[in-house]
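Here are the chains, one letter per residue:
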Amino acid sequence: EAGVVQSPRYKIIEKKQPVAFWCNPISGHNTLYWYLQNLGQGPELLIRYENEEAVDDSQLPKDRFSAERLKGVDSTLKIQPAELGDSAVYLCASSLGGSNTGELFFGEGSRLTVL
Amino acid sequence: EDQVTQSPEALRLQEGESSSLNCSYTVSGLRGLFWYRQDPGKGPEFLFTLYSAGEEKEKERLKATLTKKESFLHITAPKPEDSATYLCAVQDRSGSARQLTFGSGTQLTVLP
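Chains as they are written, first to last, in our numbering: chain F, 29 to 143; chain X, 5 to 116.
It should be emphasised that the hints constitute simulated quantities derived from the structure, not laboratory data.
One thing to keep in mind: the hints can contain errors.
As the list claims (entries may be wrong) - Computed list of lysine to any residue pairs in SDA-like fashion (alpha-carbon distance at most 20 Å, straight line): (1) X:K72 <-> X:S98; (2) X:K46 <-> F:G68; (3) X:K46 <-> F:I40; (4) X:K46 <-> F:S115; (5) X:K46 <-> F:K90; (6) X:K46 <-> F:E72; (7) X:K61 <-> F:T129.
Because the structure is a prediction, the values reported are computed rather than measured.
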């Protein structure tokens with residue numbers, strides 16, 4: 029069974045440029061998460077989807093970040109414009125939901141470097 | 005606000021030298037505590053879920069335990085392949101039902 033797939037794995041951009049990350053969750057997983065992980069830190073939640081609905085986006089900086097999950101499967105996270113402080117790893121995760129709500133399956137992440 | 009503190013930040017062991025990693029937490033009501041393993045350049049990989057004080061889970065050389073204030077990840081006779089960052093996360097019973105609060109992790113290095 030394929031795991032969570034993310035692309036691109038690495039992205040280098042100059043500040044003020046836009047960037048987008050794509051995530052394909054595990055088949056059948058209704059819940060999708062985007063996390064941000066800074067070096068030496070644990071992941072921090074940006075947004076959580078239940079099917080196509082964003083049910084928790086309280087920590088998403090909405091002035092520059094946006095996300096969508098069309099048809100409740102794939103998801104895209106966009107940053108426009110990027111700032112130097114956005115350099116981090118962006119992790120996508122999915123879960124079946126229900127009682128196992130803490131058992132998340134993570135992708136390998138997209139490492140963003142903003143110059 | 006939920007808080008998770010992991011110690012030590014880094015730990016170097018010789019192969020076969022057993023030790024423990026600590027995860028101290030503060031939540032208004034614990035729904036679950038989770039341990040993950042993260043290899044360099046990879047996403048975290050789920051290891052264990054603990055729900056109540058006194059509960060223990062084992063997997064190969066790893067055993068996780070839980071009290072009302074902290075959790076321990078015991079590593080018995082570790083091997084070099086156990087080298088990774090171990091992350092602890094808590095889920096609060098109140099508020100956003102599925103949000104995990106992660107600690108900063110313990111970076112474990114096992115030397116051959």
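Problem set entry | Hint numbers not upheld by this structure, sorted from lowest to highest | When the structure is compared with the hints, only number 5 turns out to be violated.
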